[in-house]
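K.L.:
Sequence:
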Amino acid sequence: MFGAIVRKLFGSSNDRYLKTLNPLIQKINALEPDFAGLSDDELKGRTELFKKRLAEGETLDDLLPEAFAAVREASKRTTGMRHFDVQLVGGIVLHQGKIAEMKTGEGKTLVATLPLYLNALSGKGAHLVTVNDYLATRDAAWMGKIYAALGMKTGIIIHGLDDQERRDAYRADITYGTNNEFGFDFLRDNMKFSLEDMCQRPFNFAIVDEVDSILIDEARTPLIISGPTEDNTDKYYKVDRIIPLLSRDSHFTLDEKARTVIFTEDGNERVEEILKERGIIKDGNMYDVHNVDIVHHVHQALRAHALFEKDRDYIVKDGEVVIIDEFTGRMMPGRRYSDGLHQALEAKEGVVIQNESQTLASITFQNLFRMYAKLAGMTGTADTEASEFQSIYNLQVVIIPTNRDMIRKDADDVVFRTHEEKIKAIIDEIIDCRQRSQPVLVGTVSIEKSEDLAKRLKQMKIPHNVLNAKHHEREAMIVAQAGRKGAITIATNMAGRGTDIQLGGNPEMRIQSEIPETATPEECEKLELQIRAECAAEKLEVLSAGGLHILGTERHEARRIDNQLRGRAGRQGDPGSSRFYLSLQDDLMRIFGSERMDGMLQKLGLQEGEAIVHPWINKAIESAQRKVEGRNFDIRKNLLKFDDVMNEQRRAIYEQRKELMEADEIAEYIQDMRGDLLDILMETHIPEESYAEDWKVQEFTDAARKQFNVLAPVATWKEESGVTAKVVRERTWELIEAYNQHRENAMGAPLMRYLEKAILLQVLDTLWKEHLLNMDHLKEGIHLRGYAQKDPLNEYKREAFGLFDDLLTRIKAESIEVLARVEVRQPDEVERMEAERAASRDRQLSMSHPSAEPLDDDEESAHDGHTPFRRDGEKVGRNTVCPCGSGKKYKYCCGKLS
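Numbering (the UniProt record's numbering), first residue to last: 1 to 898.
Derived CB-CB ranges, DEER-like:
#1 Q656 / I407: 55 to 61 angstroms
#2 D168 / D318: 31 to 37 angstroms
#3 K19 / M460: 51 to 57 angstroms
#4 E58 / I635: 44 to 50 angstroms
Rather than coming from a laboratory, the hints here were simulated on the basis of the structure. Yeah, the Cβ is synthetic: ideal placement off N, Cα and C, and Gly gets one too.
Full structure from sequences and hints, please.
P.N.:
Right, dumping it as structure tokens:
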């Protein structure tokens with residue numbers, strides 16, 4: 001209460017911050033006449049002038065008023081849109097690396113042009129990150145006109161581009177793209193073998209559109225690049241058939257609030273009994289070590305059946321299980337649940353099971369976007385998650401005032417006892433709105449519920465449109481026309497749709513879809529005028545009917561999702577209204593204690609069809625939502641703590657890879673690695689200050705032969721007088737040096753330098769992949785340490801450090817071992833040797849089996865013991881054209897590794 005009084009007297013911190021921006025807005029406005037007087041060429045020339053001033057020591061903040069004035073003028077000339085003052089405020093907030101919360105219809109797309117242009121002047125690139133390819137393509141084309149008028153290039157990163165197209169897009173001044181593509185490009189770049197093949201530049205500045213959707217909702221699961229593993233998919237089907245034989249409560253318990261499911265004691269016994277009956281378990285019990293794999297599959301199958309619902313969590317399309325984003329209602333093609341869960345869902349739905357995959361590279365969105373030197377975001381709903389943005393991303397949320405006053409009427413929630421009563425009331429309200437020509441946007445939380453409501457409306461012959469993951473192709477058209485007279489649109493979660501709902505309909509969309517391509521220019525003009533007149537007339541009718549009405553069929557766990565739905569009405573001062581219809585059988589109400597409320601309402605004599613409406617109900621529901629948000633935040637924060645450990649290792653490996661690729665040669669580094677490994681062998685087998693009789697001579701000799709491919713006759717040296725461990729090391733090192741010098745002389749220094757870099761990179765990548773798998777396994781079981789009164793996070797850090805230390809040692813050891821044995825052959829020598837082998841093999845076969853056919857090449861055992869190849873004549877550079885005449889680079893042709 002005291003806080004409310006203080007805010008009333010002095011204004012909120014948000015209000016006080018916004019006041020500090022007023023002088024900047026006045027400066028920008030004062031420059032408008034000057035920039036309006038510039039010719040197009042003079043306006044474009046300002047960009048080079050700004051860059052020059054920046055190079056001479058001025059800062060981006062110094063240039064801000066003029067740069068913003070230039071963008072505003074370019075926008076007026078190319079798009080016909082002039083930035084409002086509140087949009088200038090939003091642009092400043094974004095430039096300062098904050099989150100701008102702007103209501104739907106306030107023009108966030110146009111706002112982003114201001115800071116993007118300003119920050120692109122540095123020449124380091126500026127990114128606009130959005131949620132799907134459609135919005136990235138649309139916004140880049142739409143806003144690209146502004147940048148082009150100012151002499152800047154715009155790039156687009158979407159699915160399906162090749163590497164060269166991606167490189168060109170990233171080298172543009174301003175790049176639009178989706179969060180997934182930016183993330184996957186980062187991972188792919190760190191799997192490349194040369195700097196020239198990499199696509200991205202170092203991350204400079206990014207604005208994340210729908211920042212709450214990308215940095216919070218999408219951030220729950222990491223981006224993963226994976227490769228297939230050999231796996232027997234038949235076991236998924238066998239295990240899946242067991243789950244329908246089990247019953248809830250007696251065989252397993254389900255906690256919907258925590259989204260967990262576990263077997264009871266009776267359930268474990270019953271599952272084990274069925275597994276033995278069906279021959280899936282051959283011997284022992286279910287929890288024997290050799291049956292652990294089966295137990296894992298059983299648990300994943302139970303999760304697939306008990307926790308995941310078709311048309312809510314996923315859909316089956318074209319014979320594939322496709323995940324549905326619970327916050328946006330969109331399909332996520334290409335994304336798969338990990339750890340065998342996706343395969344369990346495929347078995348449940350009876351579709352073809354794809355093999356499990358192994359992680360090759362991964363990163364969370366949190367750690368991806370925290371790599372930007374400056375990060376900003378914009379959305380219509382961020383304030384409810386302000387603490388999470390501040391805690392994880394160090395991003396402050398600033399609420400930008402609307403250009404025109406918000407006059408939407410938000411009614412209190414209506415609560416019914418049963419789902420059926422609620423649906424009847426919803427349909428009655430839809431009919432009432434339709435009779436008054438008021439458009440209705442109905443928000444549902446799942447595909448299943450949207451289609452159930454659509455089915456009922458169809459039975460009553462009420463025309464309507466359905467927007468969910470199954471109909472996403474028509475998304476923009478459906479949303480754009482949702483404001484037409486009497487239109488009824490059923491949508492699954494409206495987050496990030498990116499298209500304004502205009503009252504009376506969107507004339508541009510109608511012109512695009514309704515005018516046939518065969519129409520003459522005269523016919524086009526006539527139809528366009530007709531469509532615009534119809535939209536204008538419809539808008540007047542819709543305004544008189546009260547504007548767009550938002551009808552929520554259920555409350556979501558997160559308040560922002562409800563606010564996003566509400567935010568579709570009341571854009572730019574338009575009238576509108578909203579109301580949520582709830583029942584005690586809704587998921588949120590049922591999970592968070594509606595049984596007690598149901599009993600209370602029955603005692604109060606609430607009759608069937610009657611509803612309870614009171615502000616206290618709204619507050620109670622909001623309180624439940626706030627608790628869920630807090631719990632989800634804690635889960636995400638805890639997951640991030642674990643991923644931060646992995647992120648430190650990822651950063652170290654990726655930086656090491658980049659240094660290797662940037663280096664002209666790494667001979668000195670390889671030499672240091674040999675020295676380190678020899679020191680480890682000495683310390684293990686022949687420690688300093690030890691007596692000769694305590695030396696492990698044979699072990700050291702074998703290890704040196706394996707590691708360096710040299711024979712160190714320590715047994716002979718040991719017999720000499722005065723030979724110490726130090727002498728053994730010196731002599732062994734001389735042997736190693738001589739052997740490697742001999743190989744370098746034989747191969748040529750350029751080839752040896754190339755091999756050193758190529759082999760080290762290949763070994764690093766192979767072992768890093770294994771390390772990721774080990775880290776996944778470590779994370780799976782580390783929480784059990786809590787039962788031993790140990791902190792799982794500290795245990796994870798300790799174990800992860802040990803694994804990483806071991807990884808670094810193995811990278812050195814395997815790289816040096818491979819380098820000591822690798823041999824290179826020219827094609828003519830390979831052909832000669834293969835011919836000799838084939839002739840020898842045929843002779844042996846004809847002697848033992850006269851009628852036998854020759855064996856395939858892959859059945860021939862590897863030949864070793866051959867002498868290194870010595871090149872006659874001038875050495876050929878690795879990147880020069882091969883002298884054999886193939887047209888390929890030498891390293892891909894005659895100089896290719898055997």
